[in-house]
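Chains as they are written, first to last, in my numbering: chain A, 1 to 189; chain B, 1001 to 1437; chain C, 2001 to 2305.
Keep in mind that the hints were calculated from the coordinates and are not lab data. Any given hint could be a false lead.
Unchecked claim - Below, a list of computed lysine to any residue pairs in the SDA-like style, where the Cα atoms sit at most 25 Å apart:
1. Lys2128/C to Leu59/A
2. Lys2045/C to Tyr127/A
3. Lys2217/C to Glu2103/C
4. Lys2045/C to Gln2020/C
5. Lys2017/C to Gly1241/B
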Amino acid sequence: MPPGTQTAATASPVPRRDTSHPFLRLAATLSRACGVASALMIVASILVTCQMIAVRFLLNGSTTWQTEFVIYMMIAATLIGLPYVQLLRGHVNVDLLPIALPRRLRLGLAFVTLGTAFAVIGLLMVYGVELWHVAWARNWTSDTVWRVPLSIPYLAMPVGFGLYLVQIAADLFAVASGRETPFGLSEDR
Amino acid sequence: MDPLVLGLIVALATVFVLFSGIPVAVGLLTVSALFLLVFDGMRSLSLMPEILFGKLNDFALLSIPMFIIMGAAISSTRAGADLYEALERWLTRVPGGLVVSNLGACALFAAMSGSSPATCAAIGKMGIPEMRRRGYPDGVAAGSIAAGGTLGILIPPSVTMIVYGIATETSIGRLFLAGILPGLMLVMLFMAWSIYSTWSSGNMAVLGQRSYSWQARFEILPRVLPFLAIIAGVLYAMYGGVATPSETAAVGALLCVVIAVVIYRMWSISAIWVVLRDSTRESVMILFIIGAAGVFSYMLSSLFITQSIAGWIAELEANRWVIMLCVNVFLLIAGFFLPPVAVILMAAPILMPIIQGAGFDPYWFAVVLTINMEIGLISPPVGLNLYVINGIAPDIPLGTILKGSLPYVACMVLGILILALFPGLATWLPTLVMGAA
Amino acid sequence: TDLRLSHQWSTSDIRHKVAQMVADEVEAADVNLHIRIFPSGSLFKAREQYTPLTRGQLDMTVLPLSYAGGQHQEYNLTLMPGLVKNHDHAARLIHSPFMAELETILNDDDVMTLVPGYLAGGFVGKDKCITRPSDVSGLQIRAAGKAFEEMLSGAGASIASMASSEIYNAMQTGVLQATNTSSSSFVSYRIYEQAACYTPAGDVALWFMYQPLLMNKTTFDGLDDAQKEALLQASEKAEAWYLEEAKLEDAASTKVFEEKGVEIAKMTPEDFEAWRKLAAETSYKAFVAEVPDGQKLLDLALEVQ
Ligand code: NA
Ligand code: NA
Chain A
1 MPPGTQTAAT ASPVPRRDTS HPFLRLAATL SRACGVASAL MIVASILVTC
51 QMIAVRFLLN GSTTWQTEFV IYMMIAATLI GLPYVQLLRG HVNVDLLPIA
101 LPRRLRLGLA FVTLGTAFAV IGLLMVYGVE LWHVAWARNW TSDTVWRVPL
151 SIPYLAMPVG FGLYLVQIAA DLFAVASGRE TPFGLSEDR
Chain B
1001 MDPLVLGLIV ALATVFVLFS GIPVAVGLLT VSALFLLVFD GMRSLSLMPE
1051 ILFGKLNDFA LLSIPMFIIM GAAISSTRAG ADLYEALERW LTRVPGGLVV
1101 SNLGACALFA AMSGSSPATC AAIGKMGIPE MRRRGYPDGV AAGSIAAGGT
1151 LGILIPPSVT MIVYGIATET SIGRLFLAGI LPGLMLVMLF MAWSIYSTWS
1201 SGNMAVLGQR SYSWQARFEI LPRVLPFLAI IAGVLYAMYG GVATPSETAA
1251 VGALLCVVIA VVIYRMWSIS AIWVVLRDST RESVMILFII GAAGVFSYML
1301 SSLFITQSIA GWIAELEANR WVIMLCVNVF LLIAGFFLPP VAVILMAAPI
1351 LMPIIQGAGF DPYWFAVVLT INMEIGLISP PVGLNLYVIN GIAPDIPLGT
1401 ILKGSLPYVA CMVLGILILA LFPGLATWLP TLVMGAA
Chain C
2001 TDLRLSHQWS TSDIRHKVAQ MVADEVEAAD VNLHIRIFPS GSLFKAREQY
2051 TPLTRGQLDM TVLPLSYAGG QHQEYNLTLM PGLVKNHDHA ARLIHSPFMA
2101 ELETILNDDD VMTLVPGYLA GGFVGKDKCI TRPSDVSGLQ IRAAGKAFEE
2151 MLSGAGASIA SMASSEIYNA MQTGVLQATN TSSSSFVSYR IYEQAACYTP
2201 AGDVALWFMY QPLLMNKTTF DGLDDAQKEA LLQASEKAEA WYLEEAKLED
2251 AASTKVFEEK GVEIAKMTPE DFEAWRKLAA ETSYKAFVAE VPDGQKLLDL
2301 ALEVQ
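Modelling step: build the complete structure from the supplied sequences, incorporating the hints.
Here is the structure:
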């Protein structure tokens, strides 16, 4: 059974991550903070949705801002949550090939996949910054009564992808310095 | 280049990239970036974050973390054990009674959780050790829970049905209703197989020995009440004019957390954090795949691959059941490797026109698709339920789990055949409650 | 040259047919110009089309211009209650100085209009008819557009925001008691199954939404003269057809509701004036407060007779 991807079990074990280097510690701390932020945003979404239902069903009042608020919260929870899920090795993957490969090749493959991830997420971050900047400079808002400045929800892109990059870099460093095994697989298989 | 050839190249590239062990979502983004760059140039690349953001810009997605929290909150309490215990006391006389009660508990739990791994974990934590203690073979113990857990996405609420509803613009309330009867049918098939296999193995004497007094049987019933209250509350909110289906999920999540804290005394912050952490992890993983799959399907559409494949299959004028067979084989294979959400999002834009062109009901198809995805959840190399079983009982080898769950896979295939013969199983209830589609 | 056109509607929708007509005409002109249509949001989601259009990542789109109202507040005037009385009035508005002002804003975003056109809509009530402001008081209503929300809120209605795909379900279970959207959406979402009364667009109507066929200007300028000519001619033809069909659309939706046994209500000119007065105090006022030069634009629109 591949232990690489621990997914979704209730109270599932959290993988042990190496923090013997200040950079790894910093990345792990940042990612954990992201996890807490992401979880709190999900909680906020629950509460606001229930508030909306109560206002509408019990008070027969107007509910104009809640859906939009919840949507932006969910987007932010997703993007900001990325580094934390990476830290927990929770991004599901197909680790058939890594398991089949001998140690040295597995190490090489780990560099390739982490490097690719770094490049692609970096691309998203760069264009995310650009999009955020346009929305900010041109004062774009949502087309609702609430008129949220889009630079606020768009900020989740540069921030989320940026911190995700930090965690990927930390993973690369941990594998390169021999502190962690490639793909988090145990070496005895 | 001919879009069909291009489509083949994209498919091969996707398989190649995903097999490298890169996270599925990142892999989809990588393939998309590559093909957009080569065939559309730089200008399309800069669209990627916008499209990803846009795919997540949908209120209905809220229900995904909500239905995951429901399951996680309740399964972190004694509720799963209570439910399981109650069923066991009532079903102990049945051959294979313990397996049957586990399956029943899975089905009931599935009515509260939108996620299969959560269902699997909630019942398996109690069920697997108990079955092994009582002399059931490891394969039966692990296999029945792995399979029973898959009901989490067929019996409403269901995260994959929500994703399907969003991807195909079908009604989520209707999809939920369509899953109920097929879900019950699968449970019954699973139970029938368990009873038969225990009976035919001949060691019923060992397995059916414990019995309970009627007092013990009635004593436990009140402990199932919070469970029924949650299900009733959610159903009332959804169909009673309180909230829309996506909003209802939040009510359910709040209800489950409150019940976990108040009735099951889950006071400590750390216990609550574990529920939140696990829900956040699964939700973010799924939502990121949804966003990335959105970019992937933009690439497919932009290179005109989606439209060409759909047009090509329509031109084949193949028999509709041959088409359905091919679609099923494709879904099964995709399900071996990819989590359900990724399969649905990548396949829905291509499959929907084909399915509807061949005259199949989209709600019926949603059920068939979901059962295929259930099979994928318990097949290697990527089977989310297998990971869960591995977490609960690390000493049971994968081969044993797979052998144990194989008969249940056969039941699911049989279920698909029954659905093909009696499509009303999926379409009757939605029509009854919500009128003709 | 290959151009990509994206929109959110099904292939049976009038707005798809407008796009298809332009594509067919251009094809027939044989000027080596091909328009590939991506319907049903198969390329971009509805509200995510305007930005790529301005950057030339998308060549053409059929788009309710108010969707881009968050980028240019001025566009909100294209979905403003009571600004358009009926289809003939809409046709005059299209060729007025007011629309010329909007075209300047579009041009600044590197976008130009090929086929202008308005579509109308009405009200549906779950239990009763909605013709004048007092009818909506205390109802949970889902309105299409920010300005309508402001006006209905001013009439004492409670606004519920949800995706248009959820309207049917919400009307059925009673979460919503009324809704307002376009004639074609009422039919395609089968709202007639959940409605007691329908107030369609008739001699007067409150809800008009500007939904032109737009094109990226740089892309257009890059075409050769024969291609430009073919495109402009096709667009002119499509504009006339769009107007005729838009009128038929309202009648067709009324017929569908009638056949399903839904009561049909009529908005009188007096009702219309009452709504317009309310709109002036609510949505017009908010618009003028939000937009520099808003009053000037609004006056230009109101000048059109
Ligand atoms: Na479920
Ligand atoms: Na699988």
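Hints, one by one, checked against the model:
For the given pair, lysine 2128/C sits about 21 Å from leucine 59/A by alpha-carbon distance, which is consistent with the 25 Å threshold. Proposed proximity of lysine 2045/C and tyrosine 127/A is supported: the alpha carbons are some 19 Å apart, at most 25 Å. Our distance criterion of 25 Å between C-alpha atoms is met by lysine 2217/C and glutamate 2103/C, whose separation comes to about 11 Å. For the given pair, lysine 2045/C sits about 19 Å from glutamine 2020/C by alpha-carbon distance, which is consistent with the 25 Å threshold.
For the hint pairing lysine 2017/C with glycine 1241/B, the CA-to-CA distance comes to about 37 Å; that exceeds 25 Å, so the pair is violated.
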